[in-house]
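Participant: Take a look at the letters that make up each chain.
2 protein chains.
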Amino acid sequence: MGNKKVVIFGCGVMGQKTAEVLLEKKSFDVVGAIDINPNLIGKDLGDILDRPKKTGIVIEGDGDNLFSNINADAVVLTTSSHLQTVFPQIAQCASAGLNVISTCEELSYPWERSPNLARAVDDLAKKNEVTIVGTGINPGYLMDTLPLVLTAPCFRVDSLLVRRMMNSAKRRIPFQKKVGTSMTQEEFLEKINNKVITGHVGLLESINMISAGLGWKLDQTVELPPQPVIADRETETGLGTVKPGDVIGLTSIAFARKDNKEVIRLEFNANAGVEEEYDEIFIKGIPNIHERIIGGIHGDIGTVAVTVNVIPRAIEAPPGLKLMKDLPPAIATL
Amino acid sequence: MGNKKVVIFGCGVMGQKTAEVLLEKKSFDVVGAIDINPNLIGKDLGDILDRPKKTGIVIEGDGDNLFSNINADAVVLTTSSHLQTVFPQIAQCASAGLNVISTCEELSYPWERSPNLARAVDDLAKKNEVTIVGTGINPGYLMDTLPLVLTAPCFRVDSLLVRRMMNSAKRRIPFQKKVGTSMTQEEFLEKINNKVITGHVGLLESINMISAGLGWKLDQTVELPPQPVIADRETETGLGTVKPGDVIGLTSIAFARKDNKEVIRLEFNANAGVEEEYDEIFIKGIPNIHERIIGGIHGDIGTVAVTVNVIPRAIEAPPGLKLMKDLPPAIATL
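Protein chains in written order, with this note's numbering: chain A, 35 to 368; chain B, 35 to 368.
Because the hints were derived from the structure by calculation, they are not lab data.
All clues given are correct.
It does not matter which identical chain is meant; a pair holds if it fits inside one copy or across any two.
Once the Cα atoms are required to be at most 25 Å apart in a straight line, the calculated SDA-like pairs of lysine to any residue come out as:
#1 60 x 292
#2 204 x 272
#3 161 x 350
#4 204 x 322
Computed from a predicted model, the values in this text were never measured in an experiment.
Work out the full structure: start from the sequences and follow the hints.
Facilitator: Listed below in C-alpha cells is the structure:
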C-alpha cells in the first residue's frame with residue numbers, strides 16, 4: 035500500500051486546513067489543488083496555508099485539465115454545502131475515476147431530501163467504479179454515526195437525544211458571526227428571516243441517517259428556526275463585549291416523530307456563555323446508554339480530521355454513493 | 035431483505051441469552067440450535083430459556099446433520115473462548131456455507147497470537163465465501179472498536195487509555211465467583227497461579243486490534259496477572275458479606291509500548307466496592323478526546339447485543355475473517 039494521492043478541490047478554509055493536515059501526514063501525498071477563485075489560481079498551495087512553505091502544487095482553476103495530467107486516488111471536495119452546487123464537480127471527479135470525500139452537508143444523507151440527485155450520484159459512482167461519500171464532524175460523525183455506533187450494545191432503541199454544547203467565543207470569528215454574536219435580537223430575527231443565519235447545517239441529514247440505520251420509518255421530521263441565546267450579563271466574545279439583552283449565539287434543534295412519539299432530537303448549542311463544553315448522547319432503550327465527550331470536539335478540527343481519516347475507507351470501499359454509517363469506521367491515519 | 039435465519043451453536047448462558055433476544059426480534063428467525071451437552075440434546079430450545087415457551091427448535095448434538103436439513107444465513111457460536119477449540123466448529127459452519135459470528139475472544143484478533151489459525155480461518159472463509167468474525171462487548175467493542183471510532187476526529191493519536199469500572203455485586207453469581215469475590219487473599223493468589231482466575235479475557239486481542247487500526251508497530255505488549263481488590267470495610271456481595279481484608283473483585287491491566295513509551299493501557303476493574311460505574315476512554319493526541327459512558331455497559335447484555343447486531347454486517351460483508359474494526363458499525367437491529 036503506497037501513499038494515498040489526494041487532490042484538494044476547493045481551497046477555502048476547510049480545503050486549506052485539510053491540505054495542511056495531509057501535508058503533515060506520512061501516508062498521504064497532496065498531488066493537486068483546484069479553486070475557482072481567480073485570486074488563488076496560479077498560486078503555490080503553500081502560499082495560502084497557515085504555515086506557508088512551497089509545495090510545488092499550483093492551484094488550478096479547472097479540474098479536467100488537472101485530472102488528465104495527474105495520477106490520484108481521491109479528491110477532498112469542500113466547495114459547498116449544497117448538493118446541487120457540488121454535483122457537477124462530483125461528476126467531473128467520478129469521470130476521472132477518482133473517489134470523492136466531500137464536506138458537502140447535503141451529500142451526507144441525500145436520499146430523503148434529494149432522492150433524484152442521490153440516485154444520479156450513486157449511478158455515477160458505480161459507472162465509474164468510485165466511492166462517493168459526504169462527511170465531516172457533523173453531519174457525518176457526532177450526531178449520526180457515533181450515536182448509531184453507540185446503539186451496538188442495545189437490544190432495543192426507543193429514542194435518541196444528541197446534544198452539542200460549545201462555547202462559540204473559542205471559535206474562529208466567521209463562525210462567531212454566523213451564530214449571531216453581538217447582534218441585537220431584532221437583527222438576529224431579520225437575518226433568520228433572510229436566511230443569512232441558518233444555524234447548524236445538516237441536522238435533518240443526521241436524523242435521516244440515524245433513522246435509516248435503525249430501520250425506522252419516521253412520521254415527521256422538523257427543523258426549528260435557530261433560536262437566539264441572549265446575554266444575561268456582559269459577555270466577552272471574539273466580536274467584543276456583548277451587553278445584556280443582545281445575542282451571544284444560537285441553538286439549532288431538529289427532531290423526528292414516529293408512532294406519535296418524539297424518537298430523535300438533535301440539539302446544537304453554540305454561544306459565548308457556555309461554561310462547560312461537551313457532546314452528549316442519550317439512548318433510551320434496553321439498556322439505556324448515556325455517553326459524553328467531556329470538553330466536546332472542536333468543529334473545524336473534527337471536520338478536517340474525520341474527512342481525512344475517511345479517505346482510506348472510501349478508497350477501499352466498493353463503488354457507490356456511501357453513507358458514513360455503512361463504511362467501516364474512520365480511524366486516525368498516520 | 036427477508037429475515038436473517040440464525041443457528042445457535044452453543045446453548046450455555048451466552049447462547050441462551052442470544053436465542054432469547056433473537057426470538058424477540060422481528061428481523062431474525064432462529065432456525066436451529068446445537069450443543070454437545072447430552073442433558074440438552076433433544077430438548078426444545080424454549081425449555082432452557084428464561085421465559086420458556088416452545089419454539090419448535092430441537093437442540094441437536096451434531097452440526098452436520100442440522101446443516102444438511104436447514105436453510106440458514108449465519109451461526110452464532112458461543113462455545114469457547116479459545117480459537118483452537120472453536121476451529122473445527124467454525125470449519126463445520128463455513129463448509130456448510132454459513133457466516134459465523136462468535137463470542138470466542140481469541141477470534142476477535144487472532145493474527146498476533148495465533149497467526150496460523152487466523153490464516154486457516156481466513157482461507158476457510160474465502161473458500162466457502164462466508165464471513166467469520168469474533169465479537170462481543172469486549173474484545174470487540176468497548177476496549178477496541180469504540181476507542182478506534184473515537185480517534186476519527188483526531189489529526190494524530192499519541193496514546194490511549196481505556197478504563198472499565200464495574201460493580202461486580204450487580205452481576206450474575208458465576209461472574210462474581212470468577213473475579214474472586216469473598217476469597218481470602220491466599221485463595222485468590224492460589225487460583226491466579228492455577229489459572230482458575232484469569233481476569234478479563236481478551237485484553238491483548240483488544241490491544242492488537244487498536245494498534246492494527248492505527249497502523250502502529252508495537253515493541254511490547256504485556257498483560258499483568260489480575261490483582262485482587264481487598265475490602266477495606268464490610269462489603270455486600272452476591273456471595274454474602276465480605277469482611278475487611280478479603281477479596282471483593284479484581285483489576286486486569288494490559289499495556290503496550292512503542293518507541294520506549296506506553297501508548298495503550300487497558301484497565302478492567304470489577305469489584306463489589308465500586309460506587310460509580312463507567313466505561314471511559316482517554317485519547318492523547320491532536321486533539322485530546324475524553325469520553326465516558328456514564329453508568330457503564332453491562333457486560334452480558336452488551337456481549338449478546340453486539341453479537342446480534344453484528345449479524346447483518348457479517349452477512350453483507352465480503353468473504354473472509356473480518357475484524358470488528360473493519361466491518362461497518364454494528365447498529366441496533368429490529
